[in-house]
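*Asks:* Full structure from sequences and hints, please.
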Amino acid sequence: MVRFKHRYLLCEVVSDDSRCRLSLDDRVLVGLGRDTTARVHGTFGAAACSVGFAVRYLNAYTGIVLLLCRKEFYQPLWSALPFITYLENKGHRYPCFFNTLHVGGTIRTCQKFLIQYNRRQLLILLQKCTDEGEREAIQKAVTRSSLLEEEESAEEELSDSAGEATKATE
Amino acid sequence: MTATYERVVYKNPSEHHYMKVCLEFQEHSTGLTAAQFKQLLVLALKDLFGEVGAALPLDVLTYEEKSLSAILRIGSSGLAKLWSSLTLLGSYKGKKCAFRVIQVSPFLLALSGNSRELVLD
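Protein chains in written order, with the working numbering: chain A, 158 to 327; chain B, 5 to 125.
Think of the hints as simulated: they come from the structure by calculation, not from any bench.
Just so you know, not all the hints are guaranteed correct.
[As the list claims (entries may be wrong)] In silico DSS-like links for lysine-lysine, alpha-carbon gap of 30 Å or less: (1) B:K24 with B:K70; (2) B:K85 with B:K99; (3) B:K85 with A:K162; (4) B:K97 with B:K42; (5) B:K50 with B:K85; (6) B:K100 with B:K24; (7) B:K42 with A:K228; (8) B:K70 with B:K97; (9) B:K50 with A:K228.
[As the list claims (entries may be wrong)] Listed below are several chain B residues computed to face chain A (Cβ distance under 10 Å; list not exhaustive): (10) K15; (11) E19; (12) L49; (13) L52; (14) F53; (15) G54; (16) E55; (17) A58; (18) S88; (19) L92.
Don't be surprised by glycine CBs; every beta carbon is placed ideally from N, CA and C.
*Replies:* Here it is, written out as structure tokens:
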């Protein structure tokens with residue numbers, strides 16, 4: 158079928174400075190991504206990547222960014238991400254780097270991966286945290302997410318068995 | 005009676021491509037040293053293809069300062085990039101110039117003879 162295929166790059170912005178993540182803005186990111194691709198891959202690379210380039214999801218608290226680009230030109234953009242070394246906001250420069258977690262073809266696959274990744278991160282945080290109050294909050298979050306996980310897998314089983322039943326009757 | 009045909013295909017693509025090029029300036033009196041010529045090539049690649057393009061394995065095998073002609077060697081994957089950046093190069097230090105590509109071949113020996121300049125007696 159004829160349609161424009163895309164690649165979604167799920168990245169995490171890692172920085173020592175805590176103000177860096179709060180200053181994430183989608184326009185700033187689009188400009189920064191385009192400038193860095195122009196530096197690394199020249200006018201051709203920048204123009205090729207900018208056609209379908211957009212920021213689809215931005216989480217300032219965890220620093221997770223979902224970038225959209227065309228399937229034919231996602232590699233120059235992906236290879237230019239390590240060259241982004243700082244985020245600039247109102248004249249302040251915050252050093253940071255982009256960690257790519259997942260490349261997916263649709264937003265749904267990226268969302269599934271992000272949910273699993275966040276669950277694993279919660280468990281890691283539980284091991285590493287030092288404060289009692291923090292520990293309780295994280296434990297609550299972990300139990301809530303595991304309940305949701307059981308609900309989700311039960312739903313999937315139900316829909317699978319319903320699908321099998323309809324196939325059998327056909 | 006059908007004749008049997010045999011097709012022999014050699015899958016040895018050569019690693020390098022060789023280009024014979026000539027640089028023409030609008031003012032014919034400009035001269036370039038070999039180092040300035042190579043810098044011009046790298047600048048053209050960097051303009052169109054960025055740092056990755058400027059890092060392509062490019063060599064200037066011969067260079068004649070009087071006629072501003074040279075033989076270049078480039079890895080085969082970078083031929084299209086080099087040729088397109090030579091085409092789109094418009095000026096050097098404010099002076100207008102253009103690259104004329106005379107011959108391109110995967111074999112260096114082929115650049116020694118040019119059938120266009122062949123004089124038949």
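*Asks:* If a hint holds in the structure, say so; if it doesn't, say that too.
*Replies:* Here is what the structure says about each hint:
1. B:K24 with B:K70: holds (15 Å)
2. B:K85 with B:K99: holds (23 Å)
3. B:K85 with A:K162: holds (25 Å)
4. B:K97 with B:K42: holds (14 Å)
5. B:K50 with B:K85: holds (10 Å)
6. B:K100 with B:K24: Roughly 21 Å between the alpha carbons, so the hint for K100 (chain B) and K24 (chain B) holds.
7. B:K42 with A:K228: violated (35 Å)
8. B:K70 with B:K97: This hinted pair holds, its Cα atoms lying about 19 Å apart.
9. B:K50 with A:K228: holds (24 Å)
10. K15: Hint violated; K15 (chain B) Cβ to chain A Cβ min 26 Å, cut 10 Å.
11. E19: violated (23 Å)
12. L49: Holds - the Cβ of L49 (chain B) comes within 10 Å of chain A, reaching about 8 Å at its closest.
13. L52: Cβ of L52 (chain B) sits 5 Å from chain A, so the hint holds.
14. F53: holds (4 Å)
15. G54: It holds, given that the least Cβ distance between G54 (chain B) and chain A is near 3 Å, below 10 Å.
16. E55: OK, holds: E55 (chain B) within 10 Å of chain A, min 5 Å.
17. A58: Result: holds, 8 Å to nearest chain A Cβ.
18. S88: Interface hint status for S88 (chain B): holds (8 Å vs cutoff 10 Å).
19. L92: Interface hint status for L92 (chain B): holds (9 Å vs cutoff 10 Å).
Taken one by one, the earlier hints fail for this structure at numbers 7, 10 and 11, listed in ascending order.
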